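K.L.:
Protein chains in written order, with the numbering used here: chain A, 1092 to 1172; chain B, 30 to 486; chain Y, 21 to 406.
Hints are not guaranteed to be accurate.
[Claimed, not checked] Selected chain Y positions facing chain A (in silico; Cβ < 10 Å):
hint: 1; residue: V198
hint: 2; residue: A201
hint: 3; residue: D202
hint: 4; residue: A251
hint: 5; residue: P252
hint: 6; residue: L292
hint: 7; residue: P323
hint: 8; residue: T328
Just so you know, these hints were derived from the structure itself, not from any lab.
All values derive from a computational prediction rather than experimental measurement.
Idealized CB from N, CA, C, for every residue including glycine.
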Amino acid sequence: MSIRIDFDGQPLDGRDGQSIGGILLANGHRTWRTAGGAERGIFCGIGICQDCVVTVNGVEGVRACQRTACDGDRVEREVRA
Amino acid sequence: MSVRRIVVIGAGPAGLAAAASAARTGADVVIVDEGERVGGQFWRHHPAFTDQRLQHQLGRFRELESALAGVRVLSSASVWRVESGAPLRVHTLTGPVDGAQRQGETLEADAVVLATGAHDRVLPVPGWTLPGVTSAGAVQALAKRDGVALGTRTVVAGAGPFLLPVAQSIAILGGEVAEVVEAASIGTILRGWGARAWELTAAAGKAGELGSYVASLVKTRTPYRFGSAVTRIHGGSAVEAVTVQRIDSDWRPVAGTERTVECDAVALGHGFTPRLEAAIQFGCDITSDRFVRTDEQQLTSVAGVFAAGEITGIGGADAALAEGEIAGLAAAGIRASDPLLRAPVAARRRMRAFAARLATHAIRPGWTAWLDDDTIVCRCEEATKAAIAEYAAVSSRGMRLATRAGLGACQGRTCGRSVEDILGAPGGIDRRPVLSSVRIGELAAHRPTHPLIEEES
Amino acid sequence: MRIIVIGAGAVGAACALALTEAGAEVVVVDRVGVAGETSSRCEGNILVSDKEPGAEALMAIEANRAWRALAERLDGDRVPGQPATEFEAKGGIVVAFDGGADALQRFAATQRGIGIRADVLDEQALRAAEPHLASDIALGVHYPDDAQVQPSLATQAMLARARHLGAQLRITEVTGAVVEADRVRGVLTPTGRIDADAVVNCAGPWAGDAAALFGSTLDIRPRRGTILVTAPMPQRVFHKVYDADYVGAVGSGDAALQTSTVVESTPGGTVLIGSSRERVGFSDEGLLEPLAEIADKATRLFPFLRDTMLLRTYFGFRPYAPDHLPAIGPDARIAGLFHAAGHEGAGIGLAPTTGALIAHAVLGAQPPLDPTPFLPARATLQGVAA
């Protein structure tokens, strides 16, 4: 079953059950966070490294690699400072 | 006699085996796991996405799954704090991963089985923060969980047999593995795995498994380099190539042996680090090798707390299954002499012979020679090797406060051991007052909720 | 003259610097390292806002002035191995809900009476200063002189300067004392004896144990505090913000848990949240209760914190004196033994002035204020039950 999420205003299609990180990757987004001027995305893939955190439906600090995407999720880049 | 209340933390092979064996004795069992489905890292199946060829020992998994019929399975649940004592307490938060306002619940138990597993140890390499570089485990997880590949041409590098299934999973998803780079030399591997070969003949199935990986690599004509390492990763805004170099037995790069390999993804895996935090918070003794100390019944130094799987020693799924089964029976009060324990104890002995050989691929201290001064070591706080080394003489707390290394979002889980290797000194055990992500409001709302089992009438 | 300073925390470092600059030969002894304990487990506060009129308030006013001068002096001329203090005159805002607003007004008025700047903020000014404060905050008072340093680095800075001027540092434990005819001759360590003409006890929460080594008594006990650190975020808190019940918590003699909200941002983007006080010896158990209570109270001041991710927590032990004043000066009985301990939560802030008072007590230098209220010989520190 197909679902759709919103990433920084852009609609992305994914499959029901995929993680937010998986959908971002499947749509060609390898990175979605800036740290020290460099771009980050998935690193450890199992919820340890915190590189992949995004803001989901207004809530900060969500690990994209662990969080299952729901249809209609609004995903935004994290803003640290 | 009242029913034993047992909480199993972690639903990978060790935890599932513990929950199943404990349930068989009639104990009241709750198994807690962060994932939405049980299985841990090893059985990261998704009903829709996981290619059958990526699934290992599926039969065993199905057996364990059905053995959970009488067990309360608490999925999507983070354990954020544990307390020793009588009863033991396990504080959980259930809800979407890192969601706000998750449901808090405190579980009380007569015994706890810790099966918290391990995560990849990834050594820093110049250029490792470029997009396209991940841990080897990430490649596996994305393949199994999401059916997604990170790149089109990947270099798989590091140490240990885990590189093999990682390379295979890339191939199964249709990606190209440019080469596999293993730190241990052929000589080391033959000595480490070949000696006293009779010890390994009982580890049946492993040879077949190895054969299937090797066959897959042969089929795709993937080069497998030994005694080598990725010592630099190149690219402007993403990975474009790596430098592969020979390394000596101390893992020190050998000058003049550099080769360039083009790729758009790098999967790094230098072994595994056990997730000891819950064990440490309980107060369990940790061995000098940095694993949880257990006796023959998988009992730790803390009354009622058992440990099984990777946290007692890296040994893979088969060792974890055997240890888990023993831990579950012991937690349920089954005596050491009981015939129920014979089979898993024998299995554990066999698999320990296999696990001991993994030391062949252990990290050697010369690796730090491939770091530049400005190589980022702490990814969260972008602390460089030079900054960390500058504070070698100050207390480890002083170093952390000055460089922020280990104080970022992942709290040193990724960089901790590497920082120790750079400083040449242990940083103290990984004491964390809060075991997983907790929001201030969830902490504020903390109230002990209903006990695990109602009072027996 | 050779002086041993026991303890390389902020107070020990400040004493070492003051004594060295006054010409003495100083040996600092600490069993962990520089800022190894309490001084690296706190926020580095230099406050006047939480002091009610009295001896400690006068000392805090003087210390606030002294820190500005010291930070400028240290940061302006750093020797190798000397970090910056990160002194920041951030300012503090004390807030009260409806039931506490009148008491806060009166308290601020008494503080103004002794020269502490305390400006009542009207509703508009309060919202402009701290836009994320809960809407039911009734009153805010701004204390522009509240400041801070990075406590570990500031301690390292003071000690680095002292060592540059000749002070020695030895990482070893003081296991015994050499006292002859009620006069200090030196200390004992696992590697041998260190002779001295005087010893200054800056052992913080362990100052009572240290005093006992010399056959003396000093009723200083640990008072545990915990702090929550959030994940980094865009800045939402602009001053040190305190709940007005902070003063009550500090001044309480109760051993049971006292909590009072203290919130501030750091340059790295994290938010530090305190505070708790408990007398549980040196225990590291039972931390959940103070952490949960701090979390609960903090979200009442700043509702956005409810959904903020906790990054880590830490705890430390304040040195608590039962009569709520630090002990600074000569021991009651043993000649050549001096104490500089018991600053409770104000150790960082009061450090330089403590150093000056010790230079007075040991070497006869000019004291910056009347040392009498702080003398260790006062009856209330001789082990009388609090």
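K.L.:
Double-check Y:A201 for me: the hint is only fine if its C-beta lies closer than 10 Å to a C-beta in chain A.
P.N.:
Where the cut-off is 10 Å and the nearest Cβ of chain A is about 62 Å from Y:A201, the hint is violated.
K.L.:
Does Y:V198 hold up as a contact with chain A if the rule is Cβ-Cβ below 10 Å?
P.N.:
Hint violated; Y:V198 Cβ to chain A Cβ min 53 Å, cut 10 Å.
K.L.:
Hey, does the Y:P252 contact hint survive, CB to chain A under 10 Å?
P.N.:
5 Å, holds
K.L.:
If you take the shortest Cβ to Cβ gap from Y:P323 to chain A, is it below 10 Å?
P.N.:
Result: violated, 14 Å to nearest chain A Cβ.
K.L.:
Is the interface hint satisfied for Y:T328? The criterion is a beta-carbon contact with chain A at less than 10 Å.
P.N.:
8 Å, holds
K.L.:
Regarding the hint that Y:A251 lies at the interface with chain A, is the smallest CB-CB distance below 10 Å?
P.N.:
5 Å, holds
K.L.:
For the hint on Y:D202, does the least C-beta distance to chain A fall short of 10 Å?
P.N.:
58 Å, violated
K.L.:
Given Y:L292 as an interface hint, is its Cβ closer than 10 Å to any Cβ of chain A?
P.N.:
16 Å, violated
Checked against the numbered hints given earlier, this structure breaks hints 1, 2, 3, 6, 7; the rest are met.
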